[in-house]
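**Student:** So you can see what is in the structure, the chains are spelled out below.
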Amino acid sequence: MSEESIRDTLLEVTGLGKAYPRSSDGAARMRAMGAILAHRPYATHPCIADISFAVKRGESLGVIGENGAGKSTLLKLICGVLSPTVGRVARTGSVGALLELGAGFDVERSGRDNISLSAGLMGWSAVQIRERSEEIIGFADIGRYLDEPVKHYSSGMVVRLGFAVIAAVKPDLLITDEVLAVGDESFQKKCIRWIEGYLDGGGTLLLVSHSMYHVQKLCKHALWIKDGRAQAYGDVFDVTQDYLAYHERKSASQIGPDIEPSYAGADYRITRVWLDDSEDATPRVLKRGAGLAVEIEIYTPDNRVPQFGVGVLRADGTPVYGTVTDISGIQPSLVEAKHVRYRLRFDDLPLLPGGYVLKLHATDPEGLRLFDTVERGLIVRGESREFGLVRLAHRWD
Amino acid sequence: MIAYLARQDLAQRFSGNSLGLSWALLAPVLQLALFAFVFGMIFQARIPGLDAAGYVAYLSLGMWPWLAFSDAVARGSTALTDNSGLLAKVAIEPWQLVAARVLTAFMLQGAGFVVVLVLLWAFTPHVEPIYLPLTLLAWVILAAIAFGAAICLSIVHVFFRDLQQIVQYGLTAIMFLTPILYSAEMGPPAIRELQRFNPFADLVAGIRDPLMSADLSHILPLTGLAFAIATLLLAGGMYRRFRRHIVDFL
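Sequences listed follow chains A and B, in order. Reminder that position 34 of the first sequence reads as 33 in numbering that gives the first Met the number 0, one-by-one numbering, no gaps. Reminder that position 27 of the second sequence reads as 26 in numbering that gives the first Met the number 0, one-by-one numbering, no gaps.
Calculated directly from the structure, the hints in this document are not laboratory data. Quick caveat, the model's predicted, so the values are computed rather than measured. Don't take each hint at face value.
What the hints assert, rightly or not - Examples of chain A residues toward chain B, derived with CB under 7 Å:
hint, residue
1, PRO20
2, CYS78
3, VAL80
4, LEU81
Backbone N, C-alpha and C define an ideal beta-carbon position, used for all residues, glycine too.
When you get a sec, could you build the whole thing from the sequences and use the hints?
**Tutor:** Below, the structure written as structure tokens:
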């Protein structure tokens with residue numbers, strides 16, 4: 000790394016891990032205190048482990064993952080609320096964090112008081128707070144509730160107030176944990192507009208969100224945390240697509256496999272599969288709009304010619320397209336003793352980026368009974384904010 | 000940041016009170032009147048060589064520094080547990096929360112002390128406010144001990160929640176063992192000897208005696224100073240050891 004880029008790294012996380020105390024009853028606390036005094040370890044359970052990444056000034060990183068994956072712990076470590084068990088967090092510049100609802104708010108006091116309270120915690124002087132409070136009140140736009148205690152607020156209003164303070168403080172690094180989800184549509188738009196302006200002005204964002212739309216819209220890179228570890232880290236579209244594909248597979252596996260057990264040990268069996276001339280069974284990564292060649296070898300015990308069916312499904316099992324050789328009246332490309340081969344080519348697959356499954360079926364010569372199914376994963380890479388499964392050809396008039 | 004936290008602490012202490020901060024001045028007046036009535040008229044408590052008003056002056060000038068110390072330690076020792084929500088969400092150094100509470104206790108009771116001093120000066124012939132600046136060192140040392148003790152206790156309180164009861168008892172015990180309600184000369188000689196090692200006797204005398212009797216023998220409270228240094232060293236060591244574990248256990 001050049002000196003320039005080192006200086007421009009706003010946040011660097013190296014081998015970060017955090018373990019929480021296992022139990023919090025009285026006796027366990029006392030034992031833990033003794034252990035800390037004696038420099039011995041106490042009983043903990045790990046929350047996150049071995050996470051490393053760097054964020055440069057002006058970059059934006061989305062942190063995604065399931066509930067309980069350790070995202071919030073990671074953010075708390077980054078903004079210094081928690082201390083790491085192992086590893087290091089190096090930060091330069093000011094940090095503003097919106098962790099959970101109303102961090103640092105005193106719910107007994109009015110919204111107006113809480114503006115001073117949380118701006119004060121971010122290091123503002125009383126004079127600065129007075130000068131800027133009109134601007135904050137304007138952004139929050141919560142009307143008459145401003146002088147009511149925060150405990151009477153809806154969660155959306157709490158977020159409005161918190162975000163308004165952050166927007167005025169304009170930290171070098173902005174950390175937000177699932178705040179956009181709480182506000183209403185118009186406030187979300189306001190926040191997103193503000194964040195876009197902030198990023199254009201050289202601001203740096205760390206966004207935790209379950210909305211892949213927001214992550215893709217606001218972040219260049221993404222980090223997927225799974226079970227406390229970094230599952231994927233890189234370009235936002237790649238990571239979010241893998242993440243969504245994972246979820247689709249997960250919900251599909253909960254529905255269960257759709258092959259009847261009676262097909263097991265079938266007579267007509269798929270023996271070999273090539274995708275683009277490779278027998279690699281791991282998911283095949285395609286660029287958006289790329290073609291795909293599929294070749295299949297089917298074992299036929301009675302030397303009759305079995306039919307071949309092919310289907311493309313989204314990773315959650317939603318069918319996209321399917322066809323069978325007998326629809327098209329196709330004959331195998333190669334026939335030898337007890338084996339036939341079919342070859343099929345998709346030109347310019349119109350699949351939108353995401354995770355898909357290619358299902359290959361062998362049926363009897365009549366095309367009536369399904370004998371064997373082989374699945375291959377397909378991952379389509381690319382940047383797109385279009386919706387759905389396939390791109391429908393269109394033009395704007 | 001400490002000043003900011005102290006302001007918030009004050010606001011919190013008096014929030015919802017219609018008289019607000021005026022209580023800081025009103026409470027000492029009421030308390031002093033109570034002392035005068037109970038000790039001066041009911042108990043007829045006396046210190047050798049002083050009349051009833053003299054005893055009330057003696058008691059009050061020792062009591063308010065003690066109230067400051069006791070309030071600072073009692074509230075400081077729960078500063079971390081009371082602010083667990085804040086510590087779990089906002090990155091602040093935990094010691095600053097303790098410092099803010101010690102500061103507010105000394106500010107409030109210090110203001111009370113000044114009110115009491117003015118009243119005693121106006122209504123009794125027993126005090127010499129001119130010596131007030133000479134008591135400053137004793138005040139600072141007393142606050143330093145309070146801060147060090149509050150740091151240690153607040154950390155232990157995170158792990159051991161029963162501590163609160165023990166702290167209350169301990170503070171009461173120290174108050175009675177220190178010549179505040181009585182004078183050291185009133186006890187047996189052996190106890191009088193032992194009081195030389197009581198840092199609080201040293202510090203209370205360092206504040207009370209110059210104002211009471213122009214007795215300057217304690218204005219350099221070395222016992223108190225030594226105890227303060229020891230307390231602060233212990234607090235520093237404990238804080239360094241426990242700093243990164245505190246939030247995990249809140």
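**Student:** Under the constraints set out in the numbered hints, which ones does this structure not fulfil?
**Tutor:** none
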